[in-house]
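*Asks:* Based on the hints, put chain B with the ligands in the right spot on chain A.
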Amino acid sequence: MPTPSAARIHEFEVVSNTPVAEGIWSLVMRAPKLAEGLSSGQFMSIAVPGDATQLVRVPLSFSKADPVKGTVETEYAVVGDGTRRLSLMRPGDTSDVLGPGGHGWRLESHPRRVLLVAGGIGITPIVSAARWLAREGVEFDAIVGTKTVNTLWGFDELMSVGVQHVVITSDDGTAGDQGFTTDALEPALAGGEYDLVLTCGPEVMMHKVADICAAVGVACEVSMERMMTCGFGACATCVVPTRSGNVGACMGGPVFDAKEVVW
Amino acid sequence: MSAPNMAVDLGGIKMHNPINTAAGTYGFGWQFEGFYDVSQLGAITTKGCAAEAWPGNPKPRMCEVTSGVMNSVGLMNPGVRGLVEQSGEYLQGLSDKGCAVICQVAGHSVDEYVAAVELFEELAPFAAGLEINISCPNIAAGGCAMGSTPDGAAEVIRALRPRTDRPLLVKMAPARVVEVAKALEAEGADALSVINSIPAMSIDVHTRRSRLSRPTGGLSGPCLHNIAVRMVWEVAHAVDIPVNGVGGVMSGADAAEFILAGATSVSVGMSNLVRPDSAPRILSELVSWVEEQGVDDVNDLIGAFEC
Ligand SMILES: Cc1cc2nc3c(=O)[nH]c(=O)nc-3n(C[C@H](O)[C@H](O)[C@H](O)COP(=O)(O)OP(=O)(O)OC[C@H]3O[C@@H](n4cnc5c(N)ncnc54)[C@H](O)[C@@H]3O)c2cc1C
Ligand SMILES: Cc1cc2nc3c(=O)[nH]c(=O)nc-3n(C[C@H](O)[C@H](O)[C@H](O)COP(=O)(O)O)c2cc1C
Ligand code: FES
Numbered sequence: 001m002p003t004p005s006a007a008r009i010h011e012f013e014v015v016s017n018t019p020v021a022e023g024i025w026s027l028v029m030r031a032p033k034l035a036e037g038l039s040s041g042q043f044m045s046i047a048v049p050g051d052a053t054q055l056v057r058v059p060l061s062f063s064k065a066d067p068v069k070g071t072v073e074t075e076y077a078v079v080g081d082g083t084r085r086l087s088l089m090r091p092g093d094t095s096d097v098l099g100p101g102g103h104g105w106r107l108e109s110h111p112r113r114v115l116l117v118a119g120g121i122g123i124t125p126i127v128s129a130a131r132w133l134a135r136e137g138v139e140f141d142a143i144v145g146t147k148t149v150n151t152l153w154g155f156d157e158l159m160s161v162g163v164q165h166v167v168i169t170s171d172d173g174t175a176g177d178q179g180f181t182t183d184a185l186e187p188a189l190a191g192g193e194y195d196l197v198l199t200c201g202p203e204v205m206m207h208k209v210a211d212i213c214a215a216v217g218v219a220c221e222v223s224m225e226r227m228m229t230c231g232f233g234a235c236a237t238c239v240v241p242t243r244s245g246n247v248g249a250c251m252g253g254p255v256f257d258a259k260e261v262v263w
Numbered sequence: 001m002s003a004p005n006m007a008v009d010l011g012g013i014k015m016h017n018p019i020n021t022a023a024g025t026y027g028f029g030w031q032f033e034g035f036y037d038v039s040q041l042g043a044i045t046t047k048g049c050a051a052e053a054w055p056g057n058p059k060p061r062m063c064e065v066t067s068g069v070m071n072s073v074g075l076m077n078p079g080v081r082g083l084v085e086q087s088g089e090y091l092q093g094l095s096d097k098g099c100a101v102i103c104q105v106a107g108h109s110v111d112e113y114v115a116a117v118e119l120f121e122e123l124a125p126f127a128a129g130l131e132i133n134i135s136c137p138n139i140a141a142g143g144c145a146m147g148s149t150p151d152g153a154a155e156v157i158r159a160l161r162p163r164t165d166r167p168l169l170v171k172m173a174p175a176r177v178v179e180v181a182k183a184l185e186a187e188g189a190d191a192l193s194v195i196n197s198i199p200a201m202s203i204d205v206h207t208r209r210s211r212l213s214r215p216t217g218g219l220s221g222p223c224l225h226n227i228a229v230r231m232v233w234e235v236a237h238a239v240d241i242p243v244n245g246v247g248g249v250m251s252g253a254d255a256a257e258f259i260l261a262g263a264t265s266v267s268v269g270m271s272n273l274v275r276p277d278s279a280p281r282i283l284s285e286l287v288s289w290v291e292e293q294g295v296d297d298v299n300d301l302i303g304a305f306e307c
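Same order as they appear, the protein sequences are chains A and B. Just so we're aligned, residue 1 is where the first sequence starts under this note's numbering, counting upward by one. Just so we're aligned, residue 1 is where the second sequence starts under this note's numbering, counting upward by one.
Only chain B is shown next, with the shape it has when bound in the complex:
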């Protein structure tokens, strides 16, 4: 049998295979070039960037928990101009090689999201799509606060939709996902990334202090994978736009689970950090699984879960 078709279309973002990377776990892509040729991935998603640079939160920004990590990076980023200056040339080259570059957009308010999207429009011709992060658990305003209600989420996308023709993905918070997804679809979102890290807490019982510099942080890793699979399945049933599955993907089987639950593409997150060559391994395991399923197109397996 010839190799199966792995190409997918994530709301207008053409990917030569379903493997994407999760924002914040992949820098701006070039950090991985010493380990493998990044262009073999279907897409990469760059760290969330705002119109202006953000310093992020104080240390400690990470603690390890059972089967995962919690982080409170707080969307430290160089701003859209900084991204373009430092990484623009690399990202253009990556896009020229056929890997879709998805740029994540951060903001504390609707106005800040608008300012960032306008800058991306002006300065980032390499962006195949923009992913709007309305679900960061580590910032005081914006982020999770806006993404957790259908009205808050809709307000952001309503303001952004007229300002760009590029595909708009929305990174969703793990809360009220069906209602929020429907609201986002109604405002013209092209695809949904489900889910961001889950707001969580870890306390050092000896010192009675948070193990991060803030009381709470975002939980990532295999511990949340099955929650994410359930949410992807619920969202995929509720809307017609495609879903990018995110959460605890450590293997090709984890990626396959998302696809069966209804995801068109899958982002590798924490796995990149603990083992930098994870994403291409997960891709090759996914290809083997598609072959083993006896289909000649991965698209035939999207949502092919049976109960």
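Here chain A stands alone, though its shape is the one from the complex:
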């Protein structure tokens, strides 16, 4: 039989849940088995309590899984009712989470130097990628895009795990260079130092990143977002069109080789 998802249901307890930037919260949960099982770029789906009429889990990436402490950390943007209810969870509150989900960052090309490109809340799996690259001894730099200085998160985390060089871009110029991540990407790739780009952010941004990488012949992996109902391959609500047909983002993704994606 084809391989079923490795996801399982895990009870979790909130360790902390606090705002870290405008509209962005950081949740640390205790879920030891999940913390052991997650690999970078995978995701989890949280059953958020507080409204018995809202049944679908909220899928989230993670920035840090600590198998020693048995904790998982995620940063999430409060954009609607599910994430608003999640922000109301307090230390000691419990619920359950389904994970690990899907296919994480691939690193199949055995890169020498990697460029990370994050747009908005896409920073969450990018910080996880940074931790992983640091553990693997691969050098990396980052471009982090934000709306304004108030919505910026992740700079300190990237610095603490050993990023060499970070470029910040903001829509309004209040942090780093005014403009988009893609404005900074072209000059960054011109030097020919990078053999892999990992990116997560709005789909229009990732599409542009993928095009720029393709034009200069640099491998690129993208972490795609879709409306997910199950998160383990049973419903086909999450598909991404690829060169080999529609592939579920919750099983074949969320990370895809950018060359495979039909935008």
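Computed footprint of chain A on chain B; a stretch qualifies when at least three of its residues, placed anywhere within it, have a C-beta under 8 Å from a C-beta of chain A: (1) 18-32; (2) 265-275.
Okay, the calculated bits of chain A under chain B, using three or more residues with CB under 8 Å as the criterion: (3) 4-16; (4) 55-61.
Read the hints as simulated data drawn from the structure, not as lab findings. We put the CB at the ideal spot given by N, CA and C, even for glycine.
*Replies:* Same frame as chain A, now just chain B with the ligands:
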């Protein structure tokens, strides 16, 4: 007291208990093997498959509403050959363990339904029965359009009946259910699945756009359960063939409600997606309910509702 008999007969499909799964919410079964042993269910129903693979609709394919979800998957499927190649061995094993495998059949026209049934006949010895989906709200032709009138529904089953000896279930649209059910029984359907998701709409008022990639989608979940119970009750009264109740089953009590209204078996749908281990929990709650009712056979409770 010894454990009650839970085995039921759904129009020739032998089930060791009344719990089935709803097509499209259960993949091809193996997706759930990491969570529990699927063979403990009485039956599973696989995703609707056509003779050829279908790509389905563009994103977004799902939005959440009050006590339910709407989907516009559009019957994306690998085709009968794809199903058999990817999942055939697993489904044969499941059938060998005593779980009835019901394969759902999709089509845009009578000819396409015929082509798909012929392929299942040729390639799928594991299928205990075929469920004909004449009620998908998410495809332009076939589906709901054919299943919503007695003549349209009858035409499909008339064409298929001579082509298979296997039990034929029909997945009904939530429209004119009594008339359609009678027409289907007259054409030789063996059982009826009542109901498919209800055509529905959800609009993002800020952007004025549909929350799906199409104007409408199919509504599933607890919000439609009591409509489905009423329809199961009406159909069960109108025909002599058995009914499989579908719609918003989240608990053993929801399943019991269908059985009291006249259903022989019950499919778990959306519940599988939000909590992958739902179906065995619902089964064990159903067994407890049968015990609590003091009967030694679940069949004694089918249609045992009193007003
Ligand atoms: C694999 C994956 C990883 C993700 N990781 C993160 C993360 O680390 N941090 C983060 O802030 N967000 C992440 N998201 C997005 C997050 O799941 C949605 O923002 C969240 O579900 C919104 O729920 P809501 O009820 O608050 O908003 P809603 O009111 O439901 O919707 C607000 C917006 O969120 C989007 N959305 C809603 N539900 C989903 C869903 N089930 N899947 C995808 N998008 C949805 C909709 O397009 C809508 O525009 C991820 C999504 C996926 C698929
Ligand atoms: C994501 C999704 C996909 C579905 N696909 C199918 C399908 O392929 N064929 C079908 O007959 N019904 C399909 N349905 C409808 C279900 O089988 C079921 O009839 C409906 O969801 C009501 O049951 P529920 O409330 O328990 O989910 C689908 C439902 C959902 C949520
Ligand atoms: S979310 Fe159900 S298949 Fe991906």
